[in-house]
Amino acid sequence: MEKEKLESLIIDFIDGKLLEDERKIVEQELMRNPAAYKLYEELKEVMQAMHTASRLEPSANLKLQFDKMLAEEMQQQKPAKTIFFQPVFYRVAAAVLLLVLGGGVGFWISRQQQQAEELRAMKEEMEKTKQMMMGMLDNQESASQRLMGANVAYKTIVKADDEIVNALVNTMNEDPNTNVRMAALEALSKFHSQPHVRKALIASLRTQKDPLVQIALIHLMIDMKEKGITEELKRITTDDEALPAVKDEAHVGLLKLS
Amino acid sequence: MTDETIMEAVKSGDLQQASMLFERYHKRIFNFLARLAMDRALAEDLTQNVFLRIIKYRNSYREGARFQSWIYQVARNVFSDHYQAHKNKYSDFVDVDKLRDNMAEAEDEQWDEKEKLLHRSMALLADEQRELLILTRFQHMKYEEVAQVMNTTVANIKVKVHRAIAKLREHYFELEKN
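These protein sequence lines are chains A and B, in that order. With numbering that gives the first Met the number 0, the residue at position 49 of the first sequence is 48, and numbering never jumps. With numbering that gives the first Met the number 0, the residue at position 149 of the second sequence is 148, and numbering never jumps.
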């Protein structure tokens, strides 16, 4: 019998794993063959030695290290599972919200400031225009400068204050130049919806001596459907000093307004 | 509760249950690794690693798989990873003269001559043979169980174990002569 086969059989024999037939073959071989018996003895010894070898005991440190590791793992496990419900998440959310709110408020305030700034600049600009216009109207030397002043009022002034209205009314009533008076009237006509402008226009009709301005005033009153001037129109129709053309316009006005 | 039920609980997040598995297995795993590595201190580190992996990679535990097979597979991987990482430190054989330094001195005093002889003979075996003897002879695992751990057939295990025993006998009586 070859050695490896014999060894294998003897090992199974020692393990008690052989069937009856095989067991008998091994027993016969052991009795017959001293070398086989020696092999059996030696195999039995090492197998016995392994079987009864003492168990090794780990140090207490192993258990301590394990408990520490387990605690750490459990610690790490928690935040991973409930990240959206942690106070940390709320804190971050609150911080982000504050940041956004702060930014919003800051933006709003700066916008308000910007608007106030723009308004102030606009007022300044208007004041400058007004001063320039008043200066022009007041220029005794040049009729064309006064004309330009009236045109500026017509083109750029959106809402006339008393000062502007008075300046324009004065120009309309008293400027030596007809063109300037007409331009002033034109500028005033733009603001006719403002009550004090309306009053000034009606009053001017009473005192106006310039026929061209008188005719223009009557036209404007008709456009404005100002019925308060009918008395004045009647006076003009009977006024000997008034030009026939002016009287005609007064008649037309009376017809249209009545 | 079976090992498998406990491992299922660990897998589903009840990590505390792992301590029960530690109680049941840490000595066996430690013995396996200590005899395989022939180094007690190293074996403690590696055993710790085995349980760390069990917890960290708990999701890779297949439902219905035998826990014992799994933990031994993990232990084998931990050992072989360590061995790969420290390849240069070892030759093909563990240095027999150094063994006494690596195994605790307590053993030297407690062990009789026969046990010391067995230990030194084991050191002369190839890793695979030593591993097979530890599992089947020192830890009394059945060939079927070892076949499961190593993912091979029972017949294959049996042949290899028999060869390992025969080889051990040679070393053992060779050393005894000297």
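No wet-lab data here; the hints were simulated from the structure. These numbers were taken from a predicted model, which means no experiment stands behind them. We put the beta carbon where it would ideally sit given N, CA and C, even for glycine. Treat the hints with care, since some could be wrong.
With a cut-off of at most 30 Å between alpha-carbon atoms, the simulated DSSO-like pairs for lysine-lysine come out as follows [claimed, not checked]:
#1 B:Lys55 <-> A:Lys4
#2 A:Lys198 <-> A:Lys158
#3 A:Lys16 <-> B:Lys141
#4 B:Lys55 <-> A:Lys43
#5 A:Lys37 <-> A:Lys62
#6 B:Lys55 <-> A:Lys37
Across the chosen pairs, the derived CB separations fall in these ranges [as the list claims (entries may be wrong)]:
#7 A:Ser58 <-> B:Val158: 35 to 43 Å
#8 B:Asn58 <-> A:Ala34: 38 to 46 Å
#9 B:Asn58 <-> A:Ala92: 26 to 34 Å
#10 A:Met30 <-> B:Lys55: 38 to 46 Å
#11 A:Arg22 <-> B:Glu22: 40 to 48 Å
#12 B:Gln83 <-> A:Ala93: 28 to 36 Å
Here is how each hint holds up against the structure:
1. In summary, the hint linking Lys55 (chain B) to Lys4 (chain A) is not supported, as the alpha carbons are separated by about 46 Å, beyond the 30 Å threshold.
2. A distance of roughly 16 Å separates the Cα atoms of Lys198 (chain A) and Lys158 (chain A); the hinted pair therefore holds under the 30 Å criterion.
3. In summary, the hint linking Lys16 (chain A) to Lys141 (chain B) is supported, as the alpha carbons are separated by about 12 Å, within the 30 Å threshold.
4. Distance check on the hinted pair: Lys55 (chain B) and Lys43 (chain A) sit about 43 Å apart at the alpha-carbon level, beyond 30 Å; violated.
5. For the proposed pair Lys37 (chain A) and Lys62 (chain A), the alpha carbon gap of about 45 Å is over 30 Å, so the pair is violated.
6. Our distance criterion of 30 Å between C-alpha atoms is broken by Lys55 (chain B) and Lys37 (chain A), whose separation comes to about 51 Å.
7. A C-beta distance of roughly 37 Å is found between Ser58 (chain A) and Val158 (chain B), which places it inside the suggested range of 35 to 43 Å.
8. One distance hint, 38 to 46 Å for the beta-carbon pair Asn58 (chain B) and Ala34 (chain A), is violated here, with the actual separation near 56 Å.
9. Remark: the range hint 26 to 34 Å for Asn58 (chain B) to Ala92 (chain A) is upheld by a beta-carbon distance near 30 Å.
10. A hinted range of 38 to 46 Å for the beta carbons of Met30 (chain A) and Lys55 (chain B) is inconsistent with their spacing of about 58 Å.
11. Here the CB-CB span from Arg22 (chain A) to Glu22 (chain B) is close to 41 Å, well matched to the stated 40 to 48 Å.
12. Distance hint check for Gln83 (chain B) and Ala93 (chain A): the Cβ-Cβ separation is about 50 Å, which falls outside the suggested range of 28 to 36 Å.
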